[in-house]
Amino acid sequence: MAVTDVQAVRDITARPPGLGARKFKDSAFIVWGIIATIVGLGTLVTLVTDLAHDGGHRVTSAFFTSFPSSEPALAGILSAWVGSLLVIATTALFAIPIGIMAGIYLEEYAPKNPITSAIEIAVNNLAGVPSILFGLMAVGIFVQFLGNPNKWFGFLPEGVREAGAHLFGQSILTAGITLSLLILPVVIVATREAVRSVPREMRHGALAVGATKWQTTQHHVLPYALPGVVTGVIIGISRALGETAPLIMIGGLTFVAFLPITRPGDATFETIGMLDEYGAAVDPNATETVHITHDGVVVLPDFTERAVQAGQTLELPHGSSIQSTADWGDAIASWNPGHWLGQEFTVMPIQMFNWTSRPQAEFLELAAAAGIVLLAITLLMNGTAIYLRYRLRKSIKW
Amino acid sequence: MHTQIFKTLGKVAIASAAVLALAGPASAQTAAPFTIQIDGSSTVFPISEAVAEGFQQTTAGRIRVAVGESGSSAGLRKFCRGEIHIADSSRPIRSSEMATCAAAGIQYVEIPVAFDGVTVVVHPSNPIRSMTVAQLREIWRPGSDVRNFNQVGGPNLAMQLYGPGSASGTFEYFTEAVNGTARSSRTDYTPSEDDNVLVQGVANNPGGLAYFGLAYYEENQSRLHAVAIDNGNGPVVPSQATVRDGTYAPLSRPIFIYVNAAALRRPQVQQFVQYYINNAAAVSERVGYVALPQAAYATYLQRAQRRQVGTAFGGRATIGASIEEVVGRRLVQTPVSE
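Protein sequence lines, in the order shown, are assigned to chains D and S. Counting along the first sequence from 1, when you hit position 122 you're at 122 in this note's numbering, and nothing is skipped either side. Counting along the second sequence from 1, when you hit position 93 you're at 93 in this note's numbering, and nothing is skipped either side.
Derived by calculation from the structure, the hints in this document are not laboratory data. Beta carbons are placed, not taken as given, at the ideal position from N, Cα and C, and that holds for glycine. Please note that the accuracy of each hint is not assured.
Claimed, not checked - Here chain D is said to cover these stretches of chain S; the calculated rule only asks that three of the stretch's residues, wherever they fall, bring their Cβ under 8 Å from a Cβ of chain D:
no.: 1; segment: 47 to 55
no.: 2; segment: 78 to 88
no.: 3; segment: 103 to 117
no.: 4; segment: 178 to 187
no.: 5; segment: 218 to 225
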């Protein structure tokens with residue numbers, strides 16, 4: 001009897017009931033997994049191949065150094081990529097510190113009460129709001145309200161109003177703030193997830209030896225959360241880079257054949273006094289003493305021109321402009337955010353959007369070429385994220 | 001090491017804050033140069049873009065021009081708020097917009113810059129060569145049950161309809177010209193704001209039928225067939241010539257720029273608008289539109305120089321009007337009732 005029992009057990013172990021079905025499910029899952037991967041990767045490969053086939057030959061160095069043009073052969077993405085770069089830098093400047101600090105506060109400091117829950121729900125919902133709504137909000141607040149200080153903020157000193165009118169409106173600053181609001185939820189949620197994944201014992205250990213809450217957060221929580229935070233930030237920035245709708249709403253332009261920053265050799269303009277929206281002096285009788293730093297031309301409000309030399313000191317009426325050629329000093333000075341934050345802009349997705357809607361096939365090639373560049377930038381950014389995460393993880397010693 | 005990272009991050013944060021704090025005062029010294037701002041119709045955009053490009057070359061970049069394409073309606077909204085100097089529009093200003101502009105104290109100089117012919121296209125294998133306006137209405141009227149070309153005198157072929165989305169000026173014009181009321185159309189067709197999608201739809205579908213601007217047909221002549229339109233005087237094939245002489249009716253339409261009259265006092269803007277009118281004929285033909293007769297441009301040049309404000313259309317889209325008739329009309333600033 002014992003022998004038969006052993007034999008029965010052996011039989012069951014060797015050929016358990018339903019083994020065939022389970023083995024089939026096992027291999028079926030692998031097959032499904034492979035199919036899913038192929039679909040995902042295949043789409044990406046098709047997309048990249050298609051773009052490379054359509055626009056690969058248009059990606060030349062001239063493509064990066066030319067302004068857009070109605071002549072496809074001459075058209076390039078100079079104003080678009082410079083615009084994208086400046087808008088994204090502005091976005092990062094606002095979104096990263098605010099997003100990370102909000103994430104840390106919500107996870108580490110905020111008391112558990114209905115207000116905190118309401119904030120959490122609001123943040124999560126904000127992540128799902130269509131980007132066009134951010135554009136609408138920005139038009140109301142940054143373009144029409146803050147961009148119109150003479151109408152709404154008459155009580156402020158003229159200098160402040162002038163700066164406000166210059167910085168807000170349809171400007172790089174407006175675009176950067178709008179996109180940073182758009183990606184804030186992504187950064188906040190990623191920061192919270194990363195902070196939450198740090199084991200509670202780490203905090204307990206630090207607090208037990210007398211560290212303050214901020215010391216614990218600064219020395220023990222944040223370093224371990226950093227890889228996750230960096231990933232969240234880069235995903236957010238990549239999203240902002242491809243965004244079109246809110247920027248078109250706030251007045252992102254399509255044809256811009258000048259740069260917000262100056263290159264050596266570019267024509268420069270300096271206008272004297274406060275101007276109205278048509279470029280005329282608000283106070284036509286006012287004058288200003290100006291020290292000329294470059295040889296050039298002064299254009300008076302009545303559009304008569306006179307040549308001027310460096311070193312002269314002139315009394316010029318408001319509405320005049322001094323025109324000269326930029327040297328390296330001017331070019332470097334133009335990197336001052338005060339110079340470019342208030343200027344008109346275009347970005348790569350807007351330029352692509354325009355080219356895809358043109359009837360001539362050459363413009364579709366240009367759109368594909370711009371797509372390749374945008375894709376390359378996104379891949380580069382994601383690659384940086386992966387590298388940073390790897391480096392930071394390696395430096396973690398639990 | 002981590003403390004190091006945070007110290008560095010902290011310094012970067014302080015530095016950026018300092019830079020932002022400096023931004024205000026610095027801007028007061030180096031105000032940006034005057035930029036002529038244009039926004040509006042994506043139909044007019046290619047003309048404005050090419051003119052702006054040429055103008056900035058001839059003035060060696062001393063007067064900046066920036067062009068956007070947020071659509072005719074959005075452009076005119078911005079225009080009536082005084083945010084832009086010139087609005088591109090693929091239709092005349094509406095009476096509601098005239099009222100908004102008037103309320104904001106903004107006067108405008110209306111300048112037709114070119115003609116566009118809305119073209120009805122079918123697949124090249126489709127034997128249909130012409131249609132009457134009544135047949136088009138039968139197909140596109142709201143609630144239409146036309147599903148096959150044999151219902152409108154064509155072959156036994158299932159019909160696949162494509163058309164511009166409802167935000168488009170072309171949609172507005174076509175529905176008014178064909179159905180009698182702007183924006184009233186059957187809705188069971190494939191809409192797209194991107195005309196290239198419509199081109200693809202018809203080129204790949206033997207039963208396809210679509211309508212869009214003449215430029216898209218001319219660039220895709222090998223893959224599409226344009227239907228001649230019969231408005232009672234026999235079928236007329238859309239072309240540069242038939243659009244210009246007004247025989248391609250009622251589907252040829254003028255497209256416009258609206259210039260802020262106060263901005264037109266500025267020599268920069270005046271110079272630009274005159275350059276625009278002088279180059280509109282050559283540029284519009286290069287980008288696929290139809291130039292107005294030379295006499296019309298001469299009239300509009302005068303209108304810009306004298307800053308004659310108002311619209312010749314009384315707040316309505318006028319369908320199938322010949323340019324000779326439009327040029328001579330009186331300009332008004334308040335909507336004209338029927």
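Now the hints, each set against the structure:
| no. | hint | in the structure |
| --- | --- | --- |
| 1 | 47 to 55 | holds (count 5) |
| 2 | 78 to 88 | holds (count 5) |
| 3 | 103 to 117 | violated (count 0) |
| 4 | 178 to 187 | violated (count 0) |
| 5 | 218 to 225 | holds (count 3) |
When each numbered hint is compared with the structure, violations occur for hints 3 and 4.
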